[in-house]
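What follows is the residue order along each chain.
Protein chains: 2
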Amino acid sequence: MKQRQETTIPDIVVSRLPIYLRELTFMAQEGIAVTSSQELARRLRSGSAQIRKDLSYFGGFGKQGTGYQVEFLCQKLREILHLTRVWEIALVGAGDLGRALIHYGEFIEHGFRISLVFDNNPQKIGQRLGELTIMSTEVMKDEVRRQGIKIGILAVPASAAQKVAEELVEAGVGAILNYAPVTLSLPAGVRVQYVDPVIHLQRMTFYLK
Amino acid sequence: MKQRQETTIPDIVVSRLPIYLRELTFMAQEGIAVTSSQELARRLRSGSAQIRKDLSYFGGFGKQGTGYQVEFLCQKLREILHLTRVWEIALVGAGDLGRALIHYGEFIEHGFRISLVFDNNPQKIGQRLGELTIMSTEVMKDEVRRQGIKIGILAVPASAAQKVAEELVEAGVGAILNYAPVTLSLPAGVRVQYVDPVIHLQRMTFYLK
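In the order they appear, the protein sequences are chains A and B.
Just so we're aligned, residue 1 is where the first sequence starts under the numbering used here, counting upward by one.
Just so we're aligned, residue 1 is where the second sequence starts under the numbering used here, counting upward by one.
Since the hints were derived computationally from the structure, they do not count as laboratory data.
One or more hints might be untrue.
The list treats identical chains as interchangeable, and a pair is accepted whether it falls inside one copy or across any two copies.
[Said to hold, decoys possible] With a cut-off of at most 25 Å between alpha-carbon atoms, the simulated DSS-like pairs for lysine-lysine come out as follows:
#, residue 1, residue 2
1, K141, K209
2, K76, K209
3, K209, K150
4, K163, K124
5, K124, K141
6, K53, K76
7, K150, K163
With the rest of the complex left out, here is chain A (with noise of 0.2 Å):
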């Protein structure tokens, strides 16, 4: 079968595909070969059904009655993911949530890595946080087009993220974290992900008593 145009596949296959890839890394580090979209669901709390679906929008990978090459798969996720290089990171706020994320493991291990720090306040330009040297969002424009920067986290409070955000994307930014808790208005063609944990939280308080 032939892998589809990455526009013909919808946003909700494309958002599974990452939680697939970190519980098969998760297996074959446990030394699981082969496995079946039934006992992946199983360790996902998803339907097996789905997890065929999903995944026959690439080609399916698995053998009818064979199950999927655990390393095999997990290579192919990180192609269709594009994760197969490491993308270059512009974070913006250097406040406990700028530090936490240049001190997250998490991010080198899995291909992304925190190349700019920016932030507004003359106190902390040219201080260094982990090993970089935090600089003026000033330059940010510049520095994020000359290094070719394609993703920008942003760590700043509510009121800056809607004008940080238009400066990155006129950078050539296309992809943004944005953890600022506003709803941001870009251009069509720019990816932006939210991280709000209220957000998060009231989302479950409506199940709560």
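Here the structure of chain A is known, so what remains is to put chain B in place on it, guided by the hints.
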């Protein structure tokens, strides 16, 4: 129209209500008294029909031709999401992320308060973190149960997350915000929300060239 039973409301609808509430709260702060599903959709870059349909699960709240009263709708959404009280939270993990969460000002503004923090590192136990004293995970179950806490936040390594989550559930927790990069296996009825920046980033690199 009568409010429907919670069990008949799709979780995807519930997941959008906090985002409506957040934006409507901004609008109230901007002094906007009346709005429309079109204006809300434009600000959220979503569809107005979806907003009307989502709100219709709870009675609608708008009059044909006159739009929504912003403050009234905020209040109704807070009631629906059970946000007319303060929710106490038990935080597990006092590392960089735990520290960032303790200092995150948005929680208390939105009716959440981290009132217990636990770690298993003897060097950290007994230390202050913000206004709290870090307690041992050995007393976690008893303390969480004693205080009747229903929400937990996991800021622990992936290897510890499942065990900690099980203990929280045994202590009466019904909602977990999990920052550990691992899928949890918990009893049906326990709500889990995942925050994993790697997963969010991988979902976007699919679209980057």
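In rising order, the numbers of the hints this structure does not comply with: As far as the earlier hints go, not one is violated by this structure.
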